[in-house]
Amino acid sequence: MTAIFETPLYPYARSPDQDALDPVRHPVVVVGAGPVGLAAAIDLAQQGVPVVVLDDNDKVSFGSRAICFSKRTLDILDRLGCGDAAAGKGVQWDTGKVFFGDRRVFEFNLLPEEGHKRPAFLNLQQYHLETYLVDRVRALAAEGRPIEIRGRNHVSALGVYEDFVRLEVDTPEGPYNLDAQWLIACDGANSSIRRMTGQDFIGRAFEDSFLIADVAMEADFPSERWFWFDPPFNRGRSALLHKQPDGIFRIDLQLGRGIDPEEEVKPERVTARLRQMLGARTRFALDWVSIYTFQCRRMDRFVNGRVIFAGDAAHQVSPFGARGANSGFQDVDNLCWKLKLVLDGAAPPALIESYNWERVFAADENILNSTRSTEFITPKSETSRAFRDAVLHLAERRKFARRLVNSGRLSTPSVYEDGPLNGPDDDALPLRNAPGAPACDAPTGDGWLLDRLGGGFRLLAIGTEVPERLEEDGIEVVTLALRADADPRLAKRYLGGAAQAVYLIRPDQHVAARWTGYDEDAVRAALRVATGQGG
Amino acid sequence: MGKLKTDANIDDADGFMAELLALHDGRSKAESDAINARLILILANHIGDRAVLSEALRTAGMARDD
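First to last, the protein sequences are chains A and B.
Residue numbering for the first sequence follows this note's numbering, starting at 1 and increasing by one per position.
Residue numbering for the second sequence follows this note's numbering, starting at 1 and increasing by one per position.
Hints in this document: simulated from the structure, not taken from any laboratory.
Here a beta-carbon is modelled for each residue, glycine too, at the ideal position from N, C-alpha and C.
You can take every hint at face value.
Below, in silico cross-link-like pairs of lysine-lysine (DSBU-like), each with a Cα-Cα straight-line distance of 35 angstroms or less:
no.: 1; chain 1: A; residue 1: 117; chain 2: A; residue 2: 59
no.: 2; chain 1: A; residue 1: 399; chain 2: B; residue 2: 29
no.: 3; chain 1: B; residue 1: 5; chain 2: B; residue 2: 29
no.: 4; chain 1: A; residue 1: 59; chain 2: A; residue 2: 243
no.: 5; chain 1: A; residue 1: 399; chain 2: B; residue 2: 5
no.: 6; chain 1: B; residue 1: 5; chain 2: A; residue 2: 380
no.: 7; chain 1: A; residue 1: 97; chain 2: A; residue 2: 492
no.: 8; chain 1: A; residue 1: 117; chain 2: A; residue 2: 97
no.: 9; chain 1: A; residue 1: 89; chain 2: A; residue 2: 59
no.: 10; chain 1: A; residue 1: 59; chain 2: A; residue 2: 266
no.: 11; chain 1: A; residue 1: 97; chain 2: A; residue 2: 399
no.: 12; chain 1: B; residue 1: 3; chain 2: A; residue 2: 380
no.: 13; chain 1: A; residue 1: 380; chain 2: B; residue 2: 29
no.: 14; chain 1: A; residue 1: 380; chain 2: A; residue 2: 97
no.: 15; chain 1: A; residue 1: 97; chain 2: A; residue 2: 266
no.: 16; chain 1: A; residue 1: 492; chain 2: A; residue 2: 117
no.: 17; chain 1: A; residue 1: 243; chain 2: A; residue 2: 117
no.: 18; chain 1: A; residue 1: 97; chain 2: B; residue 2: 29
no.: 19; chain 1: A; residue 1: 380; chain 2: A; residue 2: 266
no.: 20; chain 1: A; residue 1: 243; chain 2: A; residue 2: 97
no.: 21; chain 1: B; residue 1: 3; chain 2: A; residue 2: 399
So, partial list: chain A residues that the calculated Cβ filter (under 8 angstroms) puts toward chain B:
no.: 22; residue: 386
no.: 23; residue: 387
no.: 24; residue: 389
no.: 25; residue: 390
no.: 26; residue: 391
no.: 27; residue: 393
no.: 28; residue: 394
no.: 29; residue: 400
no.: 30; residue: 401
From just these sequences and the hints, can you work out the full model?
See the structure below:
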């Protein structure tokens, strides 16, 4: 363990708000300086929305926690100015191997396609990512962007009004009040904001306990995800191995039901278990150990008046599939541009309701996938185990059975099919970029497509002429015009068989609408729908 | 009415039953359960059609076949 967990990253400092006679009102207050809260703050500040982040702590989170960041998260981090820092440090991987007993059953490649800036997955300790995000907050503040983090500011009470939220905040120098037009609760699975608003958190708990250990060792495991069902070193249960930077490996060992967590977390006990797995000769040291049971659950609504929930505060999944932190990034990616437009008066508050629709939809998809994986990994009856083992038995030689193996369906971004902001589609164009889908990256002959889209509404015109910009009721759409022959991978992903295409793309890089020809009225109508002003 | 065939469709029905039972001769309960599980998966993949599979699952799960 290093000093990173002991050094205050955003130490308490007195704010002028604490000396104000009346509570100072801020457009947006974020509670929680974890990865999701920091991403929200950066996204808002980049768009010029003043934002204050409150955190009851002043350090990075303890232990490596979330480690698997998906391509979509990396794309979002690129837009937030942290992609290179994360990619430069993290371990890239796209191959997974599955073992059953002492045999390797099969392997899979998550991104068997070239022409993407970022890999399918990147392993990086959460504390490294939080450090990069805080660095970015500092850089934005230094540029004069309206962003600040207040460490050791603990929200102790909440008053929810029709058009603002009043917070009572405890600090080392006593309490103060401040007001927020919008409050974003990113305070994690045990969210105190959720508790204070009296909202339920309903779903399923799984009984099996898991040991999560980060181990420092010199070992020549490749940069791959290895998953074992019923391995010799953990009979009847499962194990997972992931490589992280700095010679750290993440090991998950299923422990079963009815175990004593305090006994199991003892270093000598953990070391004995890991010795079984790693062999007598491997030298290793424990970096971080935790015992978990898993839940798959969500709040009924993520938008409760002026209080909006994101990340683990709103929904929780088991870790198989890396759908926790990754979906949290997608939450704030979805939310922040909407808040900006509503705060500017350019879109009605109804636009925020679409956050609820789209991200509840995504949470349900993540919960469904994580629940199915957990059931496959931890069979709940003799018969479910017999079917699980039958799948694994067949998978080694029969291709069909490999698709039934579920060691985690790794996070891919949700497609908001039939979402409330979707406009017209043209089914002559490739399905993968249909309205509601996140725009797929591609080379453009001059940089990567997603980098060139950036934030803001964009009109992506391929192989056709459209105006350079367009404005509708204070919302600007900027054109990115590309030649149809700019790159064959771009053409394949965005044209298919069509000669030309026009895509309206949202600030979160999801496709809003698309056509095979330009029609200004149609684009304006789709823009109104995409900003909550349709129908 | 669905797409699941429920009229006689197996040639040599008695031969098939004998072969199915012979597969389990001398096996333990655990071995037989494993074989049955594999058999269901193999047959399900051969059928493939999700609607037919759902109908077969419902049919098999009925407490009384009526």
